[in-house]
Structure formats: structure tokens, C-alpha cells
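Participant: Spelled out from the first residue to the last, the chains are:
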Amino acid sequence: SQQGEEDPQALSIQEGENATMNCSYKTSINNLQWYRQNSGRGLVHLILIRSNEREKHSGRLRVTLDTSKKSSSLLITASRAADTASYFCATVYQKVTFGTGTKLQVIP
Amino acid sequence: NAGVTQTPKFQVLKTGQSMTLQCAQDMNHEYMSWYRQDPGMGLRLIHYSVGAGITDQGEVPNGYNVSRSTTEDFPLRLLSAAPSQTSVYFCASSRGRPKNPSSYNEQFFGPGTRLTVL
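One line per chain: the protein sequences are P and U, in this order. Per my numbering: the first sequence = residues 375 to 482. Per my numbering: the second sequence = residues 3 to 120.
No wet-lab data here; the hints were simulated from the structure. Careful: at least some of the hints might be erroneous.
What the hints assert, rightly or not - The calculated lysine-lysine pairs, modelled on DSSO-like cross-linking and capped at a C-alpha distance of 27 Å, are:
| # | chain 1 | residue 1 | chain 2 | residue 2 |
| --- | --- | --- | --- | --- |
| 1 | U | Lys16 | P | Lys477 |
| 2 | P | Lys444 | P | Lys477 |
| 3 | P | Lys400 | P | Lys430 |
| 4 | P | Lys400 | P | Lys469 |
| 5 | P | Lys469 | P | Lys443 |
| 6 | P | Lys469 | U | Lys16 |
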């Protein structure tokens with residue numbers, strides 16, 4: 375079974391709104407990463423948070439990590455139509471495994 | 003740098019045929035991996051390698067073989083293709099010291115191979 379599961383599976387918001395995606399995982403991690411995928415292309419790395427960090431920012435992205443709850447969240451602020459994509463979390467512990475993804479649609 | 007390259011981009015096989023999906027990277031990355039992506043399933047790890055000569059199984063290894071004779075190349079071999087192996091296959095690589103998994107950072111992905119097994 376997959377290490378990570380994203381929630382919700384799909385999310386539709388208006389441009390300018392914030393989008394929040396959650397990731398739950400099952401075992402210990404060294405770090406957790408978030409990726410974006412456009413229309414079946416290869417994934418692109420967005421941000422990495424280490425197991426001893428609780429929050430990290432990169433531009434309009436904010437990631438939190440709660441290792442006691444084995445969960446992480448990705449917040450995209452002031453969303454744009456170009457943010458429409460699928461977003462995946464990946465957990466790193468001896469190997470890198472991905473979750474099932476959240477499909478985000480930002481409506482102009 | 004070409005990054006991570008995969009060939010072919012598209013492939014159609016008949017049930018029972020074998021083939022090799024090629025993956026190469028020119029970034030001197032130690033960690034390489036293969037994933038398959040099916041609708042609604044996200045990416046599932048098939049096999050991975052933490053360095054030349056070292057490979058290990060992922061979540062869905064059955065029906066696939068890998069080898070890592072060089073740092074640059076990590077081919078994935080389908081032994082006897084089945085319709086259930088119809089999928090999009092992605093290869094990825096990253097820096098990482100084999101005995102220190104916490105050093106695995108950003109994964110770089112190839113463009114993918116779209117495989118159909120009839």
C-alpha cells in the first residue's frame with residue numbers, strides 16, 4: 375500500500391482563494407516533499423520539509439508538518455489559474471514513496 | 003545537462019512480449035527509481051537503487067526487473083508484458099548518500115513512457 379494519502383482527492387476554487395491540501399502517512403520519515411504535475415507530465419519539485427521542521431515557506435507556498443499526527447499540509451495562497459494541476463506528497467525513509475494526489479482546479 | 007531522459011516515449015506491446023524501458027541521468031545522482039502512474043492511483047514505486055550495483059523492490063515489483071551497472075543508467079525490464087502493466091512509467095533520480103537516506107532531496111523526473119499492452 376502507498377505510504378501517503380492526500381485529502382481531498384479533488385478541489386475546485388476561484389482564482390484568488392487559498393487552496394489547502396493534506397497528506398497523511400504511515401511510518402517514520404526523514405523528510406517530506408511536495409510535487410506538482412501538469413497533465414500527465416513528469417512531476418516537479420515544490421518544497422521539502424525535514425522531520426525536525428514544523429513549517430516552511432516558499433513564495434505563495436506554505437507547508438506544515440506534524441510528525442506526531444503523521445500529517446502534512448500544503449497551502450497555496452492567492453491561487454491563480456496556472457496553479458491548476460495535481461499535487462502529490464512524497465515521504466522519504468530509505469526510499470521515496472508518493473501519495474495518491476490532489477487534483478486542484480482554479481477557476482478564473 | 004539533459005537531466006533525466008527516458009526512451010521510448012510511447013510503446014505498444016502484445017501480451018507476452020518483453021521489452022526494456024531506458025532511463026539515464028547525467029547529474030551523477032546516486033538514487034534512482036521507477037514509478038508507474040495509473041488513474042486515481044498516484045505514483046507507485048516499482049524498484050529503486052541507492053547506487054551502482056544496488057537495487058531493491060518497491061511497492062509493486064512483480065513482473066519487472068532492474069539492474070544498475072553504472073551510476074548513469076537504470077533500465078526497467080518487463081519480462082512478459084500483461085495488460086495490467088498498461089500505464090505511464092516515470093524514472094526519477096536524486097542526490098543521496100546510500101547510507102544516509104535523510105540526504106535524499108529533490109527528485110528529478112523524466113518525461114515518462116506511455117506503455118500500452120494489448
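Participant: Each of the hints needs a verdict: does it hold here or not?
Facilitator: Results of checking the hints against the structure:
With a C-alpha separation of about 32 Å, the suggested pairing of U/Lys16 with P/Lys477 is violated against the 27 Å cut-off. This hinted pair checks out: P/Lys444 and P/Lys477 have alpha carbons roughly 21 Å apart, not beyond 27 Å. Between the alpha carbons of P/Lys400 and P/Lys430 the distance comes to roughly 21 Å, so the proposed pair stays at or under 27 Å and holds. This hinted pair checks out: P/Lys400 and P/Lys469 have alpha carbons roughly 14 Å apart, not beyond 27 Å.
Between P/Lys469 and P/Lys443 the alpha-carbon distance is near 21 Å, which keeps this suggested pair within the 27 Å criterion. As the CA atoms of P/Lys469 and U/Lys16 are separated by approximately 32 Å, the hinted pair breaks the 27 Å bound.
Hints 1, 6 from the earlier list are contradicted by this structure; the remaining hints agree with it.
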